[in-house]
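Number of protein chains: 4
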Amino acid sequence: MRLKDDIAAFLVREFPQTKVTVEAVGGKAATVRHKIGTAELRPGGTVSGPVMMAVADVALYVAILGEIGLEALTVTTNLNINFLRKPSATHDIIGKCTLMKLGKKLVVGEVTIYSEGREEPVAHAVGTYSIPPRKES
Amino acid sequence: MRLKDDIAAFLVREFPQTKVTVEAVGGKAATVRHKIGTAELRPGGTVSGPVMMAVADVALYVAILGEIGLEALTVTTNLNINFLRKPSATHDIIGKCTLMKLGKKLVVGEVTIYSEGREEPVAHAVGTYSIPPRKES
Amino acid sequence: MRLKDDIAAFLVREFPQTKVTVEAVGGKAATVRHKIGTAELRPGGTVSGPVMMAVADVALYVAILGEIGLEALTVTTNLNINFLRKPSATHDIIGKCTLMKLGKKLVVGEVTIYSEGREEPVAHAVGTYSIPPRKES
Amino acid sequence: MRLKDDIAAFLVREFPQTKVTVEAVGGKAATVRHKIGTAELRPGGTVSGPVMMAVADVALYVAILGEIGLEALTVTTNLNINFLRKPSATHDIIGKCTLMKLGKKLVVGEVTIYSEGREEPVAHAVGTYSIPPRKES
Chain A
-13 MRLKDDIAAF LVREFPQTKV TVEAVGGKAA TVRHKIGTAE LRPGGTVSGP
37 VMMAVADVAL YVAILGEIGL EALTVTTNLN INFLRKPSAT HDIIGKCTLM
87 KLGKKLVVGE VTIYSEGREE PVAHAVGTYS IPPRKES
Chain B
-13 MRLKDDIAAF LVREFPQTKV TVEAVGGKAA TVRHKIGTAE LRPGGTVSGP
37 VMMAVADVAL YVAILGEIGL EALTVTTNLN INFLRKPSAT HDIIGKCTLM
87 KLGKKLVVGE VTIYSEGREE PVAHAVGTYS IPPRKES
Chain C
-13 MRLKDDIAAF LVREFPQTKV TVEAVGGKAA TVRHKIGTAE LRPGGTVSGP
37 VMMAVADVAL YVAILGEIGL EALTVTTNLN INFLRKPSAT HDIIGKCTLM
87 KLGKKLVVGE VTIYSEGREE PVAHAVGTYS IPPRKES
Chain D
-13 MRLKDDIAAF LVREFPQTKV TVEAVGGKAA TVRHKIGTAE LRPGGTVSGP
37 VMMAVADVAL YVAILGEIGL EALTVTTNLN INFLRKPSAT HDIIGKCTLM
87 KLGKKLVVGE VTIYSEGREE PVAHAVGTYS IPPRKES
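Chains as they are written, first to last, in the working numbering: chain A, -13 to 123; chain B, -13 to 123; chain C, -13 to 123; chain D, -13 to 123.
No lab work stands behind these hints: they were computed from the structure. Note that this is a predicted model, so its numbers are computed, not measured. For glycine and all other residues, C-beta sits at the position ideal for the given N, C-alpha and C. Among the clues, some could well be false.
Unchecked claim - Straight-line distance between alpha carbons at most 25 Å, and here's what the computed DSS-like set of lysine-lysine pairs gives:
{"no.": "1", "chain 1": "C", "residue 1": "5", "chain 2": "D", "residue 2": "21"}
{"no.": "2", "chain 1": "B", "residue 1": "91", "chain 2": "D", "residue 2": "72"}
{"no.": "3", "chain 1": "A", "residue 1": "91", "chain 2": "A", "residue 2": "14"}
Said to hold, decoys possible - If you want the ones that stay clear, here's a sample from chain B, every Cβ over 10 Å from chain D, calculated:
{"no.": "4", "residue": "-12"}
{"no.": "5", "residue": "-8"}
{"no.": "6", "residue": "-3"}
{"no.": "7", "residue": "4"}
{"no.": "8", "residue": "7"}
{"no.": "9", "residue": "53"}
{"no.": "10", "residue": "58"}
{"no.": "11", "residue": "68"}
{"no.": "12", "residue": "107"}
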């Protein structure tokens, strides 16, 4: 729990505007949540695309922090997202990230995005983060 | 000006939360602006990645509306974004979209994203939108 | 086995140059193989990037044919690939595809690419195919 | 001409199988050509997708070599390609690359791909290469 709490606090500090919260982190993986209210909806009752992009970006960031420690200088270099199905207007968005490569300079991971409680994903993203040179200890 | 005003009004209705505004539209292209204030910044003075993703998404949407008319059912299917340079914390973000393909089912365009007044882009995105079958007139 | 053999024969006809062969297909998934010989290698003993892109493209195509039947007009619209690790020069390349969305117009799937016998993937791709309107039967 | 000839010779050595040739290089840009014959065609008279992916990959590689010098350890980390129109079966494929970012660790560029003599592109790619640490001189 310690790691999760540390990362949650760090996230609030680094991304003060984000509505994404940490559900789980560790083992080269992370799960995050974005509460869905009227501010996230478009007419017709669907979740805005940029909300899902933010979920993908933060899920990757959290999974990486879980491996390399609290490192603000880690930045996204590439994000590719496919929108698969219309999300529910009445359920939170959940993003589940798995890291596929944890290199010295680059980290690559994928994020599957769900409307909570549904089996089929609403979107899928793959992203790359660049990590700064590690400090010697 | 009529087209631009119509699309600007439509955008406010369809994306009520967006802070992106329309600067120009027409000729398979569009320019949009995202005002940058403290709500868009991360500690260290850089613009949040999801802000730039939203600019890319809306720039594409506006350019497409400029060609096919006000069509709410047009949805993003894929967006790929590369982050190139650290954006300025004190200048608005400008997105310039050019459509590369305007098909019956799919539209593909690219968006170059700048900190206003700088020559070198801060990000570059390519996206695909799916458009619903055209109504017979 | 019938489906696999039919698709293997169709693949030879549609992609007469491809060295990719079908290992398994069905259940919204497919596994393909690319034999690696000197023609696929670069100096230093690594497999050429375009070889892995071809594996990704064909793996998606085979998985889709397994669902919609032998349909030559199915075409790639987008492919995004991340190269994760240096492939082995002495093992075949294996691509394992899973379809994430099987829509009426678009199919989206992911492909994890391995050097045979290794646990960690050498590349990962996500692609979209456009499928022609289904014939009424 | 010296730079172009050096890179052309280097390309033959590093990618001994490639059919891509260098047309022009310099100024953070490159133009390459892929001759189209029956070996590149699919039934129905279209150029195979993997041929265009190879053109994109090599165009980026050539543009980068033009900036950093002959460096075999430069490797693709990400490539995203959109297929826009059916290529001609009777014209060579031309790839025109422009680099958008030339960083110390990562280079990002875009490639527009044409059937020679046609105005509208058949495909568009964006790719990232990782470059090894520069040697001190």
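Which numbered hints does this structure break?
-> 11, 12
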